Each structure stands twice: as structure tokens, then as C-alpha cells.
Amino acid sequence: MITKSPDEIGAMLVSEGFITERQLERAKAQAERNNEELQKILVTLGFVSNKDIVETIGKSMNVEFIDLEGMNLDAELVKSVPEHLAKRYNVIPVRQKDNTLTLAMVDPLNVLAIDDIRLITGFDIQPVIATEEAINKSISTAFGTTDMVAVDDAVKDLAETDFGGMEVEDDIEENEIAVDKLKELVDEAPIVRVVNLIISQAINDKASDIHIEPEAKNVKVRYRVDGVLHDVMSPPKHIQAPMVSRIKIMANLDIAERRIPQDGKIHLRHEGREFDLRVSTVPCVHGEKTVMRILDRGSVMLGLEKLGFSDINRRMFEDIVDKPYGMILVTGPTGSGKSTTLYSCLNRLNTGLTNIMTIEDPVEYQLPGINQVQVNAKADLTFASALRAFLRQDPDIIMVGEIRDKETATIAVEAALTGHLVLSTLHTNDAAGAVSRLVEMGVEPFLVASSVIGILAQRLARTICRNCKEAYEPDAEAIRRFGLSMYSDGKIEFYKGRGCDNCKMTGYKGRTGIHEILTITDRLRALILHRCSTAELKQAAVEEGMRTMQDDGLAKIMAGTISMEECMRVVFIEGGSDF
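Residue numbers for the sequence shown follow the numbering used here, so the first one is 9 and each next one is one higher.
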């Protein structure tokens with residue numbers, strides 16, 4: 009077993025340059041206050057990743073660290089270690105040369121594991137270290153712990169179930185199944201297994217949402233991965249009612265009520281990690297559509313340096329976030345990463361020396377050391393009423409999940425003008441549009457000019473899979489559209505993903521941010537006071553040094569981070585006319 013103490017690990021992280029002494033002391037203080045492990049707090053605060061910690065521990069033991077993310081492991085080699093041993097010892101074979109098997113381990117000092125696997129395989133064992141999460145994911149992938157083959161098998165079992173003697177036709181309407189029968193069905197082993205496998209496979213695929221959509225003759229299950237929906241399976245129509253009812257019971261919803269939308273939450277643990285699933289059901293023509301938003305409690309705590317900012321944009325945004333008061337707005341459509349950016353800002357600001365309060369709808373992630381309030385419309389706890397209460401709670405920093413109306417906007421502006429730092433979101437297409445949106449809500453231009461200190465507009469774009477990335481020369485039309493005609497000698501290279509097993513043949517793996525940051529300067533304040541148009545404000549901001557999302561997207565295309573097609577999908581809404 010690894011015997012490094014938290015203090016030793018902390019000192020090593022400082023020595024390797026992953027964290028500063030000040031960050032270590034802050035993490036120690038919070039770990040002591042919350043009675044939690046130092047390593048967990050360091051990750052929670054966004055100072056380091058689990059990968060950084062494991063790599064540092066490996067270096068201290070003179071053991072190679074291996075990053076399993078993106079590796080294509082040989083299926084036959086992996087299965088040279090039996091599944092039960094791989095799971096028991098948290099190990100996975102990664103390569104074999106001559107008579108030596110390289111074994112990725114959570115604990116490379118586990119002599120018992122090394123001896124057992126040497127005996128089983130007949131190879132000499134060369135231990136390397138990897139993160140527990142990566143090893144567990146590799147085991148699940150290699151042995152099909154929760155793959156769609158298992159789901160299909162469970163569906164077949166379900167199709168052979170007699171449902172307690174009830175005859176079920178493929179075209180049966182959900183409302184025709186009595187509630188007492190549904191209660192019996194949802195406890196049947198096959199339906200439990202189907203739902204559990206659909207959820208666990210979505211987590212393993214890093215899906216953000218699960219969609220269960222009723223159709224006339226079947227049910228469609230889709231996962232949203234990296235912002236795009238993918239068809240996963242189409243189980244028969246007759247399992248629709250028990251499947252939806254099983255999910256509703258897990259989310260503490262009323263299975264007898266199928267005429268109105270319902271919302272609930274499921275809390276679960278998967279491979280040692282905690283997840284919350286926000287469940288929403290809506291009655292449609294062919295039955296209830298169910299969507300589950302997957303919230304990984306351990307994945308949101310990121311630093312600003314991990315959100316895909318270019319160096320210049322990150323420095324600009326950090327300068328804005330470090331201001332003592334004023335309003336900072338993050339804009340973009342639903343699913344563009346606004347909440348993650350706000351949480352990352354709060355992590356940076358959460359020094360333990362300030363009173364930070366948030367009002368959210370709903371609270372997606374619980375942040376240690378921060379006072380979070382959830383909107384409750386039934387109790388008349390709205391964004392506006394919570395904001396009024398916050399101002400009597402001696403806050404330093406306030407985060408408002410979204411500014412939706414004049415009342416909330418006015419109170420937020422007043423808070424920013426009275427010495428508080430206020431962070432919030434708006435739904436606008438670009439940074440300059442946020443100013444017009446506030447004015448349209450009824451906030452006076454002089455209040456907007458005085459309170460807003462910076463606006464960040466962002467999108468999320470899928471990144472090219474590093475495993476199958478390849479260069480190509482764009483055609484003349486692409487060169488013209490992107491304003492690169494000066495490179496007429498053909499020395500331009502764009503990149504795309506060819507498609508491989510690692511990215512499920514999509515050519516994409518993961519996402520990154522595309523940003524534009526509008527810093528409110530004296531010139532822009534004067535324009536806002538004179539009720540300038542959004543186009544005029546944007547043009548002036550560009551002249552003041554703002555890089556537009558189009559500029560940032562093009563830079564990421566040229567760097568080989570994203571593809572031309574992906575950039576146009578999320579940024580160039582009007583067919584790239586900005587070029």
C-alpha cells in the first residue's frame with residue numbers, strides 16, 4: 009500500500025511546481041475545517057488534478073506514470089489478467105515486451121498483487137502507476153462491465169418476462185397500464201438491470217444527458233456526448249412504461265401522474281464516484297419523454313486554466329475576476345459551459361477570507377466553503393428575493409445563476425454598485441449583446457455602464473481526437489471563408505479526426521471553450537450611456553483589443569485543437585459571414 013502521508017504528498021506537489029505553498033496552506037486549513045482528505049480538497053479547489061497527484065507519487069517512488077486516457081489497449085493482452093483479479097487489485101495490463109508485462113496499478117507497491125499476476129500470466133511484472141478512475145474505466149471497457157451488449161441482453165430478458173400474467177402489445181398506450189401493475193413491473197430484475205445499465209453506460213461514455221424518447225412503435229435511447237446526441241438503442245415499445253416508471257420511482261416522482269411534467273433527482277455512486285441525475289419527464293403524444301442530466305460531483309471543480317482559454321484571454325479574464333467589486337456576466341446558449349466557468353471563478357475567489365453566497369436554479373454542485381441557496385418558487389424564494397436577503401448577510405461575493413427579469417437585474421446592479429462582486433449569466437449571442445439585453449430588461453444605461461466590469465461570451469466545441477488526428481490542406485473556398493487568402497501558396501494546414509475506437513469513430517474526443525472577453529473601458533462606457541447599438545459596441549470593443557469568438561475559433565483551428573466544421577457549427581452561425 010502507498011504509505012505517503014498527506015503532508016509528504018503536499019510537499020512533493022509544491023516541489024514539482026503543481027501548487028504553491030500558499031495553495032497548500034489554504035487546502036490544509038480547509039481539509040482540517042471540513043475533516044476531509046488533503047488530496048481531495050486540493051482537487052476540489054482546482055489546484056491540481058488526480059492525474060497530477062498520482063504522477064507526483066509515482067515520481068517519488070521512481071515508478072513510471074502512465075496516462076491511460078486515449079490509449080488503445082490490446083484486448084487479448086488485457087484479458088491475460090482475469091477480470092476478478094483486475095478488479096480486486098485495480099490493475100490493467102498495458103503492454104508486453106519479450107517476457108515482461110507492464111501493469112498499470114493504483115498501488116505499484118502491492119507485492120501480493122504482483123506475485124499473483126506473475127503466477128497467473130507467467131510474465132515478469134513491470135509495475136507503473138495510473139489513476140484509479142482511468143484503470144476502472146479501462147477495466148469496464150475491456151471486460152464489457154456495462155456495455156450495450158449487456159443492455160441488449162437485459163432487454164431480451166425483459167421481452168421474455170410475462171409481466172405478472174399481463175398481456176402487452178407493442179402498440180399499447182402507457183395510460184392503459186394500471187398503476188398497481190406498474191409498481192410490480194418496476195421491481196422486476198430485468199427492468200432494474202436495463203435502467204441501471206443505461207445509466208452506467210452513459211456515465212462511462214461521459215455523456216452529459218440521457219434521453220428516453222417514446223415513439224409510435226418503439227422507444228429511442230440517446231446519449232448527449234460532447235454536446236451532440238447519439239442514438240444508443242431502440243428497445244421495444246412494451247418496456248416503455250415500466251422503464252419510465254422505474255426511473256420515476258428512483259427520482260421520487262409520482263408514477264400515477266402522467267399528464268403533467270415532473271422534475272426530480274437521483275443520487276448514486278458509480279465506481280467509487282458520486283453522481284446526481286436531474287430527472288425531467290414531459291408527456292408527449294406517444295408517452296412520457298424522460299431526460300436525465302448527469303452531474304459528476306468530482307468533475308466540475310476546474311481552474312480557469314483548464315477551460316480552454318487562450319493565454320491572452322485567460323489573463324484578461326483573471327484580471328476582471330480579481331476586481332473587488334462590479335458585475336461580471338457570462339453569456340452563451342444552454343449547454344455552453346457557463347455554470348462551469350462560474351464555479352471555476354468561485355474556486356479562484358474562495359480564499360476563506362470572504363463571504364460567498366450563491367442563488368441557483370437548481371444547485372448543481374455543492375461547493376465547500378460557499379453558502380448556496382436553491383430557488384424555490386412554491387415558497388416564493390426567487391432570484392430577486394434571495395438577492396435582497398443576501399444583501400443583509402454581509403456578502404463579499406454573490407453569484408446569481410441567471411438574470412431573467414428586471415427585478416433581479418436591478419438588484420444585482422445595485423449590489424455591484426455598493427461594493428460587492430456579482431457574477432451571473434445571460435442568454436445572448438455575444439458579449440456586446442449582454443449590454444443591450446440588460447437595457448431591454450429596463451436597467452438604465454448609466455447603471456449598466458457603472459456596474460458591469462466585464463462580459464465573457466463562450467461556446468463549447470468538440471476537440472479533435474488526439475489518437476486519430478491528421479493534417480490536411482483546406483480547399484480554396486475554406487481559405488476564402490476564413491479570410492486566409494494571403495496564404496495563397498498553400499502552406500496552410502487544418503486538422504481533423506480520422507475516426508478510431510478511442511473516439512467511437514466520430515473523430516472527436518472531449519470539448520474546449522471558444523471565448524470572447526469584453527472589458528468595459530471608458531470609451532465603451534460612454535457608448536453605453538449614449539445607447540449605442542450592439543454592432544457599434546462590438547466594433548468599438550474590437551478596436552479596444554477584444555478578440556471575437558471567430559478570432560479565437562480560428563486560432564484553435566490553426567493550432568489543430570478543433571476542426572473547421574466544428575468551429576462553424578458552434579460559432580459561425582451565419583455561414584462564416586464575419587470573415
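Keep in mind that the hints were calculated from the coordinates and are not lab data.
Incorrect hints may appear among the rest.
To be verified - Restricting the straight-line Cα-Cα distance to at most 30 Å, the calculated cross-link-like pairs of lysine-lysine (BS3-like) are:
no.: 1; residue 1: K59; residue 2: K297
no.: 2; residue 1: K36; residue 2: K67
no.: 3; residue 1: K214; residue 2: K546
no.: 4; residue 1: K512; residue 2: K95
no.: 5; residue 1: K512; residue 2: K87
no.: 6; residue 1: K273; residue 2: K297
no.: 7; residue 1: K87; residue 2: K67
no.: 8; residue 1: K499; residue 2: K105
no.: 9; residue 1: K214; residue 2: K228
no.: 10; residue 1: K225; residue 2: K48
no.: 11; residue 1: K314; residue 2: K477
no.: 12; residue 1: K386; residue 2: K314
no.: 13; residue 1: K145; residue 2: K512
no.: 14; residue 1: K314; residue 2: K228
no.: 15; residue 1: K87; residue 2: K59
no.: 16; residue 1: K105; residue 2: K48
no.: 17; residue 1: K145; residue 2: K331
no.: 18; residue 1: K228; residue 2: K59
no.: 19; residue 1: K225; residue 2: K314
no.: 20; residue 1: K225; residue 2: K214
no.: 21; residue 1: K95; residue 2: K59
no.: 22; residue 1: K48; residue 2: K59
no.: 23; residue 1: K273; residue 2: K228
Said to hold, decoys possible - DEER-style ranges, computed between Cβ atoms:
no.: 24; residue 1: L237; residue 2: M69; range: 39 to 45 Å
no.: 25; residue 1: S541; residue 2: E478; range: 42 to 48 Å
no.: 26; residue 1: D106; residue 2: L237; range: 44 to 50 Å
no.: 27; residue 1: D82; residue 2: D404; range: 50 to 56 Å
no.: 28; residue 1: S288; residue 2: V200; range: 39 to 45 Å
no.: 29; residue 1: A543; residue 2: E478; range: 37 to 43 Å
no.: 30; residue 1: E313; residue 2: G78; range: 18 to 24 Å
no.: 31; residue 1: A224; residue 2: D106; range: 58 to 64 Å
no.: 32; residue 1: K314; residue 2: N43; range: 25 to 31 Å
The structure displayed is predicted, hence computed values, not measured ones.
We treat Cβ as the ideally placed atom computed from N, Cα and C, and that holds for glycine.
Pairwise beta carbon distance, D106 to L237, judged against the given window 44 to 50 Å: 46 Å, holds
Outcome for the supplied range 42 to 48 Å, where the beta carbon pair is S541 and E478: 43 Å, holds
Given pair status - K297, K273, alpha carbons within 30 Å: 16 Å, holds
Given hint K477 paired with K314 - CA-CA distance at most 30 Å: This hinted pair holds, its Cα atoms lying about 21 Å apart.
Proposed proximity, K59 with K48 (alpha carbon, max 30 Å): Status holds; Cα separation ~12 Å.
Holds or violated: K145 to K512, with C-alpha atoms at most 30 Å apart: Holds. K145 to K512 sits at ~15 Å (cutoff 30 Å).
Agreement of K59 and K297 with the hint, judged by alpha carbon distance not exceeding 30 Å: Judged against 30 Å, a Cα distance of about 38 Å means the pair is violated.
Given hint K95 paired with K512 - CA-CA distance at most 30 Å: Holds, at about 24 Å.
Outcome for the supplied range 25 to 31 Å, where the beta carbon pair is K314 and N43: 27 Å, holds
C-beta pair D82, D404: status relative to the range 50 to 56 Å that was hinted: 54 Å, holds
Distance restraint between K36 and K67, which requires alpha-carbon spacing of 30 Å or less: With a Cα-Cα distance of about 22 Å, the restraint between K36 and K67 holds, given a limit of 30 Å.
Verdict for E313, G78 (Cβ pair) under range 18 to 24 Å: At roughly 21 Å between Cβ atoms, G78 and E313 fall inside 18 to 24 Å, so the hint holds.
Checked against the numbered hints above, the structure violates hints 1, 3, 8, 10, 12, 14, 16, 17, 18, 19, 28; every other hint is satisfied.
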